[in-house]
Each structure stands twice: as structure tokens, then as C-alpha cells.
Amino acid sequence: MRAGEVWVFSENLDLTLEILSEGRRLADKLQTELSAIILGCNIKEEAEEIAEHNVDKIYFMDNPAFKSLQTEPYLSVFMELAARHTPEIILIGSTKRGRELAARLAARLKAGLVQDAFKFEIDEKGMLIASRIVYGGNGVALITYQAKPQIATVPPRTFEKAKPSDKQADIISLDVKLDEPKTKVVEVKPAEVAKVRIEEARVVICGGRAVAKKEDFKMFEELASILGGHVGVTRPLAEDRKWFSEWVGLSGKKVKPEIYI
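In terms of this note's numbering, the sequence shown has 86 at position 91, counting the first letter as 1, and numbering is strictly consecutive.
Hint data in this document are derived by calculation from the structure and do not stem from the laboratory.
It should be emphasised that the depicted structure is a prediction, and the values quoted were computed from it without experimental measurement.
A portion of the hints provided could be inaccurate.
[To be verified] Simulated restraints, written as ranges between beta carbons of each label pair:
1) 44 with 91: 20 to 26 Å
2) 121 with 44: 29 to 35 Å
3) 141 with 9: 20 to 26 Å
4) 251 with 141: 27 to 33 Å
5) 184 with 217: 40 to 46 Å
6) 241 with 221: 21 to 27 Å
7) 120 with 209: 49 to 55 Å
8) 180 with 26: 42 to 48 Å
9) 98 with 135: 20 to 26 Å
[Claimed, not checked] Pairs of lysine-lysine, DSS-like flavour, derived with a Cα cap of 25 Å:
10) 213 with 248
11) 105 with 120
12) 208 with 248
13) 248 with 209
14) 62 with 24
15) 177 with 91
16) 39 with 177
17) 237 with 158
18) 249 with 213
19) 184 with 237
20) 105 with 143
21) 177 with 62
22) 52 with 158
23) 172 with 39
24) 62 with 184
25) 249 with 156
26) 62 with 91
27) 91 with 179
28) 156 with 24
29) 209 with 62
In this text, a Cβ means the ideal position worked out from N, Cα and C, and glycines have one as well.
Assemble the whole structure, with the sequences as input and the hints as a guide.
Right under this line is the structure:
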């Protein structure tokens, strides 16, 4: 009996391409199809670009509802697709939205979930083995699943991006009734967004507990500017001192720079 499809999803294009490369490897090992799920608003060009990266199918839906912060619209599509196709493996980008979506989806499908996996293998029974870092980076857990679908989230910069191929995927437009969110967004306060996401930075200048004053980060910013890098902080400065909203590390942003100071 042929295995179900391998699905890949992220609202971030770069992360989608990264996960596609690993999804292709797993799908080939299982001798099954690789599908990307593309959901968003005004994303036709993105879907067409992904279709050129060695994927078999694209499930595509363009709807303004996907601009919201809530995950219910995304969950509606996944549940509808899962009822129709019974996927084997679902790989979701480990963003804030992705982690929430994966957890909700696993609960709905009564499926296993491994968050922030960095390596995958297929065992002799055709089941997925996912590896993730544990104990603050001092160990690696190898986790097996007891049922399907097998769901995992994948952090940015874990895999190389899929390369373009001569193959052109079929783009399948979806018409799914989207669930109304059970929460209401009262206010949105835009955060300062860097020109380059820290996960993609070639150089990261990171400060920790030894930094006495927030004003001292001006020196970090000057050095980062000279080196063409990005400033990051450790968790205590963000969570304890409340100087910044995000941090670098196992529980924060995953980075893979060429230079880390």
C-alpha cells in the first residue's frame, strides 16, 4: 500500500523552500508525493515560484482571512485536506503561527507532534523518527510516532533551500469554508522590523547579562553596522529585564551566522 502524501507548510517563503528540500527526501524514501500547502492573501506569485521547486502538488487558497493573527482559518483548511487525503507526514515551519497551528492540528487529529525538530529519518516500518535538542542543548532526543499523520515543526535555517527544477507542480485551488476565529483582536501594535531577519543574518552581535545598561547596545549596533550584521540578545535581557521583545537561543530565535560575537 502506498504511503500518504508528505505535506509542507509555512507562511514564510524562505522557510517553505527550506522544508521542501527535506520533505522531498522523505517523500522519495517513502515513494510517495510531496505537496506544499500555500495559504495567504495575494500569494499567487509565491505559489507559482514554489511550484518550480521539485514539488508534486500545491494546495492553494487565497483569502483575506489569512491576513489575521488567528490560526482558525489555517486549521480549517488543514482539517478539510486531512479528511480528504490522509497525509503521512506534515512538516510546518516553526514560526509563532506555525507552532500554534501544529499544536492545534495535532490535538484535532489526535496525532503526535514534535516541536523544533532538526533531523528526520524513516525506520524499517516506514515511520518517522524526529530528533530535537533537549536539556538546554546538552542532549538530543530521538522521538518516534505511534500513529499517523506524523507532525513536526522545523526551525528556520535547519535545511538548505530546495533548488529549482524542470518539474512544474500541479496547483490545486481550494474552496474551503473557513471557521470564524473564537478570539477577537482588540489592538495591533506594530513592532520595529529589521531589514534583515536575524535568522538570516550572516553576522550576529549578541549581548548578555554582562551588559549593564540598555544604552550600551549602541556600541553593538555600531559594530553590527560596520560588519553588516544584526544585533541579538540572550533570554535574560529580553524576558527578565524587558529590554527587548525577542532573544536568540533554544527557546527564541534560531540563528546560523558565519560570524557570531
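Here's how the hints hold up against the structure:
Between residue 44 and residue 91, the C-beta spacing of about 24 Å keeps the proposed range 20 to 26 Å intact. Roughly 31 Å separates the CB atoms of residue 121 and residue 44, a value that falls within the hinted 29 to 35 Å. Range check, residue 141 to residue 9: about 33 Å between beta-carbon atoms, so the 20 to 26 Å window is missed. Distance hint check: the CB atoms of residue 251 and residue 141 are about 32 Å apart, consistent with the given range 27 to 33 Å.
Under the hint 40 to 46 Å, the C-beta atoms of residue 184 and residue 217, about 28 Å apart, miss the expected range. Distance hint check: the CB atoms of residue 241 and residue 221 are about 23 Å apart, consistent with the given range 21 to 27 Å. Against the hinted window of 49 to 55 Å, the Cβ-Cβ separation of residue 120 and residue 209 comes to about 53 Å, which satisfies the hint. Distance hint for residue 180 and residue 26: a CB-CB separation of about 44 Å, consistent with the stated range 42 to 48 Å.
In this structure the supplied range 20 to 26 Å holds for residue 98 paired with residue 135, their Cβ-Cβ distance being about 22 Å. For the suggested pair residue 213 and residue 248, the alpha carbons sit about 21 Å apart, so the restraint of at most 25 Å is met. Only pairs whose Cα atoms come within 25 Å are accepted, and residue 105 paired with residue 120 is accepted, the gap being roughly 20 Å. Of the pairs offered as hints, the one joining residue 208 and residue 248 holds, with about 22 Å between alpha carbons and a cut-off of 25 Å not exceeded.
With a C-alpha separation of about 20 Å, the suggested pair residue 248 and residue 209 falls inside the 25 Å cut-off, and the hint holds. With a CA separation close to 35 Å, the supplied pair residue 62 and residue 24 exceeds the 25 Å bound. For the suggested pair residue 177 and residue 91, the alpha carbons sit about 18 Å apart, so the restraint of at most 25 Å is met. The suggested pairing of residue 39 with residue 177 is violated, with an alpha-carbon distance near 28 Å, which exceeds 25 Å.
For the suggested pair residue 237 and residue 158, the alpha carbons sit about 40 Å apart, so the restraint of at most 25 Å is broken. Of the pairs offered as hints, the one joining residue 249 and residue 213 holds, with about 23 Å between alpha carbons and a cut-off of 25 Å not exceeded. Note on residue 184 and residue 237: the hinted pairing holds, with a Cα-Cα distance of about 17 Å set against a maximum of 25 Å. Simply put, residue 105 and residue 143 have alpha-carbon atoms about 9 Å apart, close enough for the 25 Å limit, and the pair holds.
Our distance criterion of 25 Å between C-alpha atoms is met by residue 177 and residue 62, whose separation comes to about 16 Å. The hinted pair formed by residue 52 and residue 158 meets the criterion: a straight-line CA distance of about 16 Å does not exceed 25 Å. About 20 Å separates the Cα atoms of residue 172 and residue 39, which keeps this hinted pair within 25 Å; it holds. Between the alpha carbons of residue 62 and residue 184 the distance comes to roughly 15 Å, so the proposed pair stays at or under 25 Å and holds.
The suggested pairing of residue 249 with residue 156 holds, with an alpha-carbon distance near 16 Å, which does not exceed 25 Å. Proximity of residue 62 to residue 91 is assessed by CA-CA distance (about 14 Å); at most 25 Å being required, the pair is judged to hold. Distance hint between residue 91 and residue 179 is fulfilled; the C-alpha atoms sit about 18 Å from each other, no more than 25 Å. The straight-line distance between the Cα atoms of residue 156 and residue 24 is roughly 19 Å, inside the 25 Å bound, and the hint therefore holds.
Restraint check: the Cα-Cα separation between residue 209 and residue 62 comes to about 34 Å, which exceeds 25 Å; the hinted pair is violated.
In summary, the numbered hints that this structure violates are 3, 5, 14, 16, 17, 29.
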